[in-house]
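So the sequence lines, in the order shown, correspond to chains A, B and C. Residues in the first sequence are numbered consecutively from 0, following numbering that gives the first Met the number 0. Residues in the second sequence are numbered consecutively from 0, following numbering that gives the first Met the number 0. Residues in the third sequence are numbered consecutively from 0, following numbering that gives the first Met the number 0.
In short, the hints are calculated from the structure, not lab data. None of these values were measured; they are calculated from a predicted model. Mixed in with the good hints there might be a few duds.
Copies of one chain are not kept apart here, so a pair can be met inside one copy or by any two copies together.
Here are the simulated lysine to any residue pairs, SDA-like style, with alpha carbons at most 20 Å apart [what the hints assert, rightly or not]:
id, residue 1, residue 2
1, Lys19, Arg67
2, Lys12, Gly109
3, Lys111, Asp80
4, Lys12, Ser116
5, Lys12, Lys32
6, Lys32, Met9
7, Lys12, Trp117
8, Lys12, Gly115
9, Lys111, Gln11
10, Lys19, Ser84
11, Lys111, His85
12, Lys111, Leu76
13, Lys111, Ile10
14, Lys111, Ala28
15, Lys12, Ser86
16, Lys12, Lys111
17, Lys12, Phe106
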Amino acid sequence: MGSLQYNSQMIQKITVSTKKRQQMVDITAAIQKVIGQSGVDDGIIHVYCPHTTAAVTVNENCDDSVQRDITETLARLIPHDAEYSHSEGNSDAHIKAALMGSSRSLFIEGGKLGFGSWQGIFLCEFDGPRTREIWVKIYAER
Amino acid sequence: MGSLQYNSQMIQKITVSTKKRQQMVDITAAIQKVIGQSGVDDGIIHVYCPHTTAAVTVNENCDDSVQRDITETLARLIPHDAEYSHSEGNSDAHIKAALMGSSRSLFIEGGKLGFGSWQGIFLCEFDGPRTREIWVKIYAER
Amino acid sequence: MGSLQYNSQMIQKITVSTKKRQQMVDITAAIQKVIGQSGVDDGIIHVYCPHTTAAVTVNENCDDSVQRDITETLARLIPHDAEYSHSEGNSDAHIKAALMGSSRSLFIEGGKLGFGSWQGIFLCEFDGPRTREIWVKIYAER
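The following block holds chain A by itself, in its conformation from the complex:
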């Protein structure tokens, strides 16, 4: 049984440019790069979305149509142009972000994400296009 070692005093920040109002952007490669730079072999990575109209999730990254199905179904259930109290015209984006969630915790194994073969990590843009950030913290075994 080893103890824990914290890899960096700093939150690592990944910048993501989104192109559409609603879009799932695959950030798996960027996350893998941060893990590689950390030199951590085994541990845990906390992925955090600091925005209130965007979120983070994990899902299939082989077929783009899955990502389109997710955003289109959310748009059908929570329409952009329904009647809302909030006056900025992006209530749907806040609701989707609150539901999808702002944090996911994943495992690191052998210096890489230890996750399912078909899984990718996505920034979920619900009020783009914008420049967004995803923040990560890595904890390593010693």
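Put chains B and C on the given structure of chain A with help from the hints.
What follows is chains B and C alone, placed relative to chain A:
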């Protein structure tokens, strides 16, 4: 690279009184207070909701209307009075809580929550009014 | 204030056989068993679902009808046979899994899950029956 130090052997418990059946209660200040009392400068905080008809989420805390839009949209999609199997009359609350989620992990930076400028942490009440608890654990760098 | 000790270099994997297309399987006892075997008294457990058509959530485990209400409501909101782009016929399962989430973090107290009296941990099957895995990592106080 520093290692980790666990701030307290105890789970910290925050008590929240809700006033309505459905309500999002901003618990950001209470969470900040626990972080301040811990004396932790940098680390991670795990926020947990121990209830099955309430949840925890992160979203905008500047404009109350966003919170109303979230609860009203959930009430439209998952009505209180639809036909359900569960006989206690609060199935909608269980479904909303399962979807919204029971845990969020956030970062601590400079002795405060390191999160987005517009973000707040909310207890989501779906079957109130009740007295609820939110549990937190803080892990600090050494 | 104690520091942290990592309980195992390995991700612990729990195998779950699902019986239906949509089903919530209570994995609380299996998680408790892993905690018991670890010998950890206090700490945190990260529960992770490595699949893209299944998820993990926490909710009531006393009355089975709650679980049925959750899967039936999701099936009403996100129908299996709606029109989707993804050609494998399981888009609804991907959408439900992305929304429900792939990770939950819970506390360990006194050698057991420190969570609400009515709470259980569930694998949410959305495209079964299949053999699934749930992965966990435990971090212990020293």
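Checked hints:
1. Lys19 x Arg67: within (12 Å within a copy, 26 Å between copies)
2. Lys12 x Gly109: between (22 Å within a copy, 16 Å between copies)
3. Lys111 x Asp80: neither (42 Å within a copy, 37 Å between copies)
4. Lys12 x Ser116: For lysine 12 and serine 116, only the inter-copy Cα distance (15 Å) is at most 20 Å; the intra-copy one is 25 Å.
5. Lys12 x Lys32: Within one copy only: 12 Å inside, 26 Å across.
6. Lys32 x Met9: For lysine 32 and methionine 9, the Cα distance is within 20 Å only inside one copy (16 Å; across copies 22 Å).
7. Lys12 x Trp117: Between copies, since 17 Å is at most 20 Å while 25 Å is not.
8. Lys12 x Gly115: Answer is between: at 12 Å across copies they meet the 20 Å cutoff, but 24 Å inside does not.
9. Lys111 x Gln11: both (16 Å within a copy, 17 Å between copies)
10. Lys19 x Ser84: between (24 Å within a copy, 18 Å between copies)
11. Lys111 x His85: neither (42 Å within a copy, 28 Å between copies)
12. Lys111 x Leu76: neither (36 Å within a copy, 36 Å between copies)
13. Lys111 x Ile10: both (18 Å within a copy, 13 Å between copies)
14. Lys111 x Ala28: The answer is within: 10 Å in one copy meets 20 Å, while 30 Å across copies does not.
15. Lys12 x Ser86: Neither: 30 Å inside a copy, 35 Å across copies.
16. Lys12 x Lys111: Both ways: lysine 12 and lysine 111 sit 18 Å apart in one copy and 18 Å across, limit 20 Å.
17. Lys12 x Phe106: both (18 Å within a copy, 12 Å between copies)
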